[in-house]
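Asks: Sequence:
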Amino acid sequence: AATTKIHVAGLDTSTDWNVGTYEGSYVQFHDGYYYLFLSSGTCCEGNTSSYHVVVARSEFATGPYVDRNGHSMKAANVGTPILERNDSFAGPGHNAIFQDMAGDTWMLYHGYMTSNPARGRVLLVDKINWGDDGWPSIHGGTPSTTPLQGPAYWQLP
1 AATTKIHVAG
11 LDTSTDWNVG
21 TYEGSYVQFH
31 DGYYYLFLSS
41 GTCCEGNTSS
51 YHVVVARSEF
61 ATGPYVDRNG
71 HSMKAANVGT
81 PILERNDSFA
91 GPGHNAIFQD
101 MAGDTWMLYH
111 GYMTSNPARG
121 RVLLVDKINW
131 GDDGWPSIHG
141 GTPSTTPLQG
151 PAYWQLP
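Counting with the numbering used here, you get residues 1 to 157 for the letters of the sequence shown.
If you are wondering where the hints come from, they were derived from the structure by calculation, not from laboratory data. Just so we're clear, the structure is a prediction, and the values are computed from it rather than from any experiment. C-beta: ideal position from N, C-alpha, C; glycine also. Fair warning: there could be bad hints in the mix.
Between beta-carbon pairs, the in silico distance windows are [said to hold, decoys possible]:
hint	residue 1	residue 2	range
1	Thr146	Pro81	30 to 38 Å
2	Glu23	Ala61	30 to 38 Å
3	Thr62	Ala118	18 to 26 Å
4	Thr48	Trp154	12 to 20 Å
5	Ser115	Ser72	36 to 44 Å
6	Asp100	Asn77	14 to 22 Å
7	Asp132	Gly46	32 to 40 Å
8	Gly46	Gly141	20 to 28 Å
9	Trp154	Asp87	32 to 40 Å
10	Glu23	His71	13 to 21 Å
Working from the sequences, and respecting the hints, build out all of it.
Replies: Structure representation (structure tokens):
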């Protein structure tokens with residue numbers, strides 16, 4: 001079967017890779033929009049990693065995707081930041097999105113503990129909040145540093 005590639009974000013694949021483009025993409029449909037979550041920056045340098053997550057949205061799965069400021073995601077270094085480093089975690093990114101049994105939306109991603117980057121990337125989870133304007137956010141825009149009430153799930157009998 002033939003396939004058709006649709007360019008929706010970042011630089012065209014005919015160009016060389018650079019840190020201004022995106023990877024680790026995930027699309028989530030919410031309230032009439034397709035939200036495209038993307039990772040950008042350097043992922044694998046421990047505490048100096050610049051990895052972070054941006055988001056854009058479209059009315060159609062195939063785009064066009066734009067950030068909160070209306071910038072096309074086909075350009076490099078655009079997107080609405082949703083998750084960036086803090087003093088406890090560096091290089092957060094390469095996310096997956098899921099909805100729990102209570103209807104809350106969560107982001108799974110990895111990052112380095114700045115207190116022990118040699119441990120490698122650890123798995124993190126944070127709740128996504130949906131604003132009145134429809135755009136998603138994570139409290140503080142950075143990984144949580146205190147325990148949270150986790151996702152609701154079915155318990156086996």
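Asks: Look at each hint and say if it fits the structure.
Replies: Hint check:
no.: 1; hint: Thr146 / Pro81: 30 to 38 Å; in the structure: violated, 21 Å
no.: 2; hint: Glu23 / Ala61: 30 to 38 Å; in the structure: violated, 19 Å
no.: 3; hint: Thr62 / Ala118: 18 to 26 Å; in the structure: violated, 42 Å
no.: 4; hint: Thr48 / Trp154: 12 to 20 Å; in the structure: violated, 41 Å
no.: 5; hint: Ser115 / Ser72: 36 to 44 Å; in the structure: holds, 39 Å
no.: 6; hint: Asp100 / Asn77: 14 to 22 Å; in the structure: violated, 33 Å
no.: 7; hint: Asp132 / Gly46: 32 to 40 Å; in the structure: holds, 38 Å
no.: 8; hint: Gly46 / Gly141: 20 to 28 Å; in the structure: holds, 21 Å
no.: 9; hint: Trp154 / Asp87: 32 to 40 Å; in the structure: holds, 36 Å
no.: 10; hint: Glu23 / His71: 13 to 21 Å; in the structure: holds, 19 Å
Of the numbered hints given earlier, the model fails hints 1, 2, 3, 4 and 6; all others are met.
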